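Student: Here's the letter readout for the chains.
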Amino acid sequence: MPIDRTRRKLVNGFACTAVSAAMLPCCLGRAALAAVGGLEFKLRKVADGVFAFQGVDELMSVANQGAISNLGVVVGTDAVAVIDSGGSLIEANALIAAIGKISAKPVRYLINTHMHPDHIFGNAAFREIGATIVGHRNLPRALEARGAFYLQSFREQIGDTLMKGIEIIPPTMLVDDRLQLDLGGRMLELQARKAAHTDNDLTVFDSATRTLFAGDLVFIGSLPTLDGSLLGWLRQMDALAAIGAARVVPGHGPVPADWPEALTAERRYFEVLARDIRKAIADGIPLSEAVKTAGASERGNWHLFDDYNERNATAAFAELEWE
Amino acid sequence: MQNHAYRSRQLVLPLAAIFAAIILAVGTFFGSSGAANAQQTAASSDRIWQDLKGDVFGDRAILIDTGVVRVEAPKRAQDAAIVPVDIYIDPAKAPDGIKSVTLIIDVNPAPVAATFQIGKDAGVTHLSTRVRVNDYSYLRAIAETQGGELHMAQTFVKASGGCSAPAVKNQDEAMATMGQMKLRQFPPQETMTKAQELQLMIRHPNNSGLQRNPLTQYFIPAHFVQKLSISQADRPILSMEGGISISEDPNFRFDFTAHGTGDIQVEAIDTDGKVFRNQWPLEATGL
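Residue numbers (UniProt numbering), protein chains in the order written: chain F, 1 to 323; chain W, 1 to 287.
Check each hint, because a few of them may be wrong.
What the hints assert, rightly or not - Derived DSSO-like pairs: lysine-lysine, alpha-carbon spacing no greater than 27 Å straight-line:
#: 1; chain 1: F; residue 1: K292; chain 2: W; residue 2: K158
#: 2; chain 1: F; residue 1: K292; chain 2: F; residue 2: K279
#: 3; chain 1: F; residue 1: K279; chain 2: W; residue 2: K75
#: 4; chain 1: F; residue 1: K279; chain 2: W; residue 2: K182
#: 5; chain 1: F; residue 1: K164; chain 2: F; residue 2: K42
#: 6; chain 1: W; residue 1: K75; chain 2: W; residue 2: K53
#: 7; chain 1: W; residue 1: K158; chain 2: W; residue 2: K75
#: 8; chain 1: F; residue 1: K194; chain 2: W; residue 2: K182
#: 9; chain 1: F; residue 1: K164; chain 2: W; residue 2: K158
#: 10; chain 1: W; residue 1: K227; chain 2: W; residue 2: K53
#: 11; chain 1: W; residue 1: K182; chain 2: W; residue 2: K227
#: 12; chain 1: F; residue 1: K45; chain 2: F; residue 2: K101
#: 13; chain 1: W; residue 1: K93; chain 2: W; residue 2: K120
#: 14; chain 1: F; residue 1: K292; chain 2: W; residue 2: K227
#: 15; chain 1: F; residue 1: K105; chain 2: F; residue 2: K45
#: 16; chain 1: W; residue 1: K182; chain 2: W; residue 2: K53
#: 17; chain 1: W; residue 1: K120; chain 2: W; residue 2: K182
#: 18; chain 1: F; residue 1: K292; chain 2: W; residue 2: K182
Read the hints as simulated data drawn from the structure, not as lab findings.
Keep in mind the model is a prediction, meaning the values are calculated, not measured.
Only chain W is shown next, with the shape it has when bound in the complex (with noise of 0.2 Å):
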């Protein structure tokens, strides 16, 4: 409510924002150190949406629980700085093709977590990340159709509470293996359709910046994977633009239909403006 008109900005500056964002949040956060921070519930998580939603897609209408997605994480997550989230696009009830789905978590200081885009004819029904979740929140997907319609999941998280902050574990170890990938790839499995699932990792802090420099004072700025794609043979399976909700050590697994037999590539470029590339020969799925 305090902070929502940074949002504004978010989606035509969506780095500036960011940054924007994390200033104010940590103005809230530290500014108010003796303050309490009230616990947030499905409904205060729900009026932030409500602010949040015509920053984010305007006036546009937002379609809810028609199937075309479906968003999962546990009730309650059990580590905050990992939450497991899966979301899963139903192409039978989306005809004409899914083009993005964006990943809101209402509470957090950035709460557009990630847009993903979807490659034409990858192929893409499910995808699952891990994110931060600062507090009690919804966790949103909002899938937007070739067409142009908005279609919304929801299901709520309840935090983990206690000593599970949404930081990093070990912070030496992650810069010192920042960048690094790896692909897993896996068979199809005969509960889906012939799409084959791959994971990709990359080592990353995904700072949130909301450290302080404890010589300087001075908050260390955020950094993190803000854009990533991933291909097979050139043609796109998935793009996304992030920001600091998803967790450290950025992870990604999702299906897709493979074309032809050419390599998988991956680019990543951090908010330092390192690029992070990688390629990997598409294995044979045993059939």
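Here chain F stands alone, though its shape is the one from the complex (with noise of 0.2 Å):
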């Protein structure tokens, strides 16, 4: 039963977006609106069984609906697990209504990476259709902190329309340490991972097709946003590279990547900054100072930087201070 509301779902949800896309330039009803932030929603296969949707490199707005992240999907014998949510249930309805086209499996998991909007305003969907929410340990206590406050800026970011019916839902199983979840046929290997681009990443690896999901601790094109330790995330690139997976499907950038070479720009990036901010601090510049010019080097090379430099530059600073 369960199964049958989800494809109703999926299929309402599915044509809504295929044909207001199609009718764009003639109709002015609300499918047509909602298709004015015109999500369309392409799962690509990156392995036997595995597809994951890339976002754009953009920051959460009205026009891409809060699809910035990459979302994944696995799908085995007697199940289907999904990678993170999106950001907004508009989103999340769209991934759900893809998976319906290539699967008729249950989604039995909705794991969560991290605590980042983008990657779980979507969690209601999932809710809806009977998925049970994984996440880090540290996750339900990371959405205490901040859960009032993201629903309350995104408010102002993404508008009412996009916001509603976004809750927060924190996960109901919890990875301590390492985490097996068994799809039939193919086992997910979850690991929860140290401090690094938040204090809650959780990694994926799918051992089938040796393909890792890395959350956002992998970066690529997309500056990385620092919400964690730069020291931890530095150490834990060292945990990630010695990954044996055949690609990864990074949190933001080109999907999939070859590993462990997608590690390499973030870093550097992560490296230079790093280098920049000690030196700062050992001249005695004043943080407010410092977060102005660390990291320049590194503009060219990154979508967002103006938007997130100075911000990693601000809490990198906060860190290094205690070295």
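Please assemble the complex out of the two chains, which come individually in their own frames, going by the hints.
Tutor: Pasting the structure below:
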């Protein structure tokens, strides 16, 4: 029964997107308006039974419907697991619709890779279809501290329409260190990471195809954002690089990407940032001055550099001052 | 507006009032989870201040932009949890000296971020710290002269927005290292007077108390550095009564005039009653 309900929803959702996209020039109805957001939701196959959606390299907005992060789908013989729920219910429902096109198996698990809104704002759609939400042991605590703030600050950014129905829903299945999820014929290996991008980063490894879902521990092309620990992230990259993955689905950037080459640019950025900040600290330059120039040599290498670099520098300064 | 009642008690009973503020703020936050919390503007921030100032300063006159005090912060906060703020005092414009400076962030759940008492002859003319800013807000510095005059300066800060939240980044680390202190001493700079600079850093989560225990659903009490005093050779330089708007790992950088060669002494007390003490020899200034 839950499957029926799901599939009906899928069909509706999908038809809505497709029709409205096709009718855009001549149709001024509600569907057309939704399609102005133009979420053309494409799940691409990255390996056998493994699919991913690639988000756009932008900030969340009305126009992109919050669809800025990469999302993953792994299909087993018994069940489907989804990695991250997207930045709005519209996006989450489009994802669920797209899954309906590739598998009739129930979505048993929604795995949240960490706390940020572009990865968790779609959670309610997965609760609706009966999925168990899985996350890092620290994720509930992190969402308690930030959930209300996210709901408020993103309402300002993406508007009431896109915020409609969005709830902060913490995971009920927690990963303390490692956890295996059996989807039938394949095992997903989940690992709770130490503080890096956030203090609740979780990676997912599909052993059948050796595909790594790195969440926001890996950014490609789009500037990484630091909301955990720079030193922790640099250490975590060493641990990640040792994973014998055939490919990675990063949290942001091209899907899929080569492994471990996907870490190269990100590591260089953080090393440059750390070097610049350490020099400023040693020279006695205060935070407010140091953050204006730290990391500047990396500007040409990243999308959204001016949106996030000073913030990263601020967090890095506060952390590295304690070295 | 809906929660200005709690502020009237804040001066009399800072701690109790801060808790009341938190409870009220939490009520507003979580009670209205579906309703939009409208974004603040310069005008709405100012309305909050108009309601608030009587509770903090009574009906005393507040002189604005006299040059006695100046406050600087980035126009847009980059990280909502760590917004640098600089307060400058011009001794030439306040010949009888400044007794205290109060830092206010209009829209925060507990708007009185901190009150700093400045030691007599301590020579403090510049103080920088880091604060949490929840939304678009004025930051205000109100200096009180020894003669009892109030002088205010203000600057408007746009919140960072997006996924940068005014919360602790690495909670486990924050708890594990709580109470550690670091003092940096900077020699006098040519552009300044002969004063040297100190930077005091204290490891503390300075928790907002807006978190709910996932099991019990009770709010975890706020846990922050409530009192801080910094002195040299037993002469007070700076002391602070602070709240949850001061960023995690409270950080203060200020200039001062050393008297003799006595040690720098620091004592901090948090809301759990934990006392953290430390002292360091005064470094030679190289002159």
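Student: The structure should be examined with respect to each hint, and the outcome stated for every one.
Tutor: These are the hints, each one checked on the structure:
1. F/K292 <-> W/K158: holds (17 Å)
2. F/K292 <-> F/K279: Roughly 14 Å separates the two Cα atoms, so the pair holds.
3. F/K279 <-> W/K75: With Cα atoms ~25 Å apart, F/K279 and W/K75 stay inside 27 Å; holds.
4. F/K279 <-> W/K182: holds (18 Å)
5. F/K164 <-> F/K42: Holds: F/K164 and F/K42 sit about 23 Å apart, inside 27 Å.
6. W/K75 <-> W/K53: holds (23 Å)
7. W/K158 <-> W/K75: holds (6 Å)
8. F/K194 <-> W/K182: holds (25 Å)
9. F/K164 <-> W/K158: holds (25 Å)
10. W/K227 <-> W/K53: holds (22 Å)
11. W/K182 <-> W/K227: Satisfied, since the Cα-Cα distance of roughly 17 Å is no more than 27 Å.
12. F/K45 <-> F/K101: Distance ~12 Å between F/K45 and F/K101 Cα, so the pair holds.
13. W/K93 <-> W/K120: Holds. W/K93 to W/K120 sits at ~16 Å (cutoff 27 Å).
14. F/K292 <-> W/K227: Violated: F/K292 and W/K227 sit about 32 Å apart, past 27 Å.
15. F/K105 <-> F/K45: holds (17 Å)
16. W/K182 <-> W/K53: violated (35 Å)
17. W/K120 <-> W/K182: Between W/K120 and W/K182 the Cα gap is close to 25 Å, so the pair holds against 27 Å.
18. F/K292 <-> W/K182: Distance of about 24 Å is within 27 Å: holds.
Taken one by one, the earlier hints fail for this structure at numbers 14 and 16, listed in ascending order.
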